[in-house]
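Novice: Letter by letter, the chains look like this.
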Amino acid sequence: MMEALLADNLLAVSTIVPAVIGLGGLGIVFGIVLAVASERLAVKVDARVKQVLDILPGINCGACGQPGCEGYADNVVAGKAAPTLCAPGGPEVAQKIAEVLGLAVEAGERLVAFCHCKGGKDSEWKYDYDGIPTCGAAALIAGGPIACNYGCIGFYDCIAACKYDAFLIAPNGMPVVNAEKCVACKACVNACPRGLFELVPISRKVHILCSNLDKGKAVKDVCQVGCIGCTRCVKKCDNGQISMKDGLAVIDYSKGEVNIEAVESCPVGVIHHYAYQDPITWQPPVKEALKGAAEPVQSA
Amino acid sequence: MGIGEAFTILISTIFVYNFVLSRFLGLCPYMGVSKDTSSAIGMGMAVIFVMTLASAVTWPVYRFLLAPSTSNLWYRLFGGSPADYDLTRVLRTISFILVIAALVQFVEMFIRKASPGLYRSLGIYLALITTNCAVLGVAVLNIDMFFQNAQPVPGSYLKSILQGFTAGVGFTLAMVLMSSIRERLEIADVPEPLRGIPIALIVASIMSMAFLGFAGLI
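Going down the list, the sequences are from chains A and B. First residue of the first sequence: 1, per the numbering used here; consecutive thereafter. First residue of the second sequence: 1, per the numbering used here; consecutive thereafter.
Worth flagging that the hints you see were computed from the coordinates, not collected in a lab. Beta carbons are placed, not taken as given, at the ideal position from N, Cα and C, and that holds for glycine. Relax, there's no trap hidden among the hints.
Simulated pairs of lysine to any residue, SDA-like, Cα-Cα distance not exceeding 20 Å:
(1) A:Lys80 to B:Ala114
(2) A:Lys44 to B:Tyr119
(3) B:Lys35 to B:Pro191
Distance ranges between label pairs, derived from CB positions:
(4) B:Ser38 to A:Asp54: 27 to 33 Å
(5) B:Ser38 to A:Asp221: 41 to 47 Å
(6) B:Ala210 to A:Ala42: 42 to 48 Å
(7) B:Asp36 to A:Ser254: 31 to 37 Å
(8) A:Val33 to B:Met31: 31 to 37 Å
(9) A:Gly65 to B:Leu27: 33 to 39 Å
(10) A:Lys163 to B:Glu192: 16 to 22 Å
(11) B:Gly196 to A:Ser243: 43 to 49 Å
(12) B:Asp36 to A:Gly195: 18 to 24 Å
(13) B:Asp189 to A:Tyr164: 23 to 29 Å
Could you build all of it, start to finish, from the sequences and the hints given here?
Specialist: Now the structure itself:
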């Protein structure tokens, strides 16, 4: 009885032995091949990469140009990137990275995003847009629904992209960056199909709120507050901070603050001066503006 | 193996019996890595490589270690009857998995050395090729299709390798099509409950039905 059961249920010895040897043999062969391969294909990881990675904020925001902190740590240690590129970390992190790598660091100023448009939704509309409510989708149809081909479309892709809740909406519907919360991760810079955002040094208070590259009349036709390219501000500048680029005044933030005469010279008031605001919240909170305070952004 | 046969294998594995869309194998990486086209292509290349190698390695393993034929290694060594050494039943799946796992380990080391960017973008899914049923599927299918009574049909080794390669190509095709659609879905106005994986599964089913149009071609 017992023997019959064994015969029925157990595999023959002639099956077990080859099975064990065969599988074991395969395992050994592959093991040896992999051991050799791991030796030959070993990737030497610099211990400093781990140290730098520990210093970085680890939010993988992409402001440094790499998809994540790991890529940036690799590049910094390899000498392919400067230690100052981590915007959310700021000078503090740059200093620590420089210490790990034994580099001298030129701490740059903290940057914040800024939207170079004032008119935006106040501009004329070319057609009624009834599609997907994102700027990216709207910009694909006949250059976008608003008459100004350079201005804010107003579906707030920038606000959707911002992970840090750093946006406010001004009474005129324009997205406004709250400098206190902005970590300069470039998410809004990349999200805006019109490329309206730029990272600017936080201490600079004069900005040009227009991105329209058209000639003066064409700008006037679509927006009352756009830069008409009259070059008055350029002439009034004391240090060449403002220059004309394709018919649009642009500020070189590295040349110092723009003098008040240049700001006041603008006939359309597209150059804004935030001198009287707290330097941190250099764009006023919406709540205050809604309370009936004067023009939220102080123009000349 | 003539050109005609090769062409038949090519068309049938890529289109008619696409591993993902017709046989429903390898759905995990199909859903997981098809969010953007560049990683879909990377994953596809890795799968093509593993499938081709797996076909090339599992064929001799089956032929010389497992199948009860006169070329069986154990029969050659110990004599008796080939039927005594029929390991197909007990060892086929486990030995194929061993082969595939070892190959994936090798591919992982190789990609890490050769292309760190691709290595990072594939992430966990690279290791998951090991348990990707499409790879095991192609190995088993090669045996089922190109062996009769434990004897290989003429040209079966080349056919197996070709089938492994084309299965990978079919997988890549499905991945790239899917990733292109999903990149567009990102900006589309999809109803809230359907966003992400649900709409992707619906798209996958529609694509699968579209590929059904190839049925009967061969």
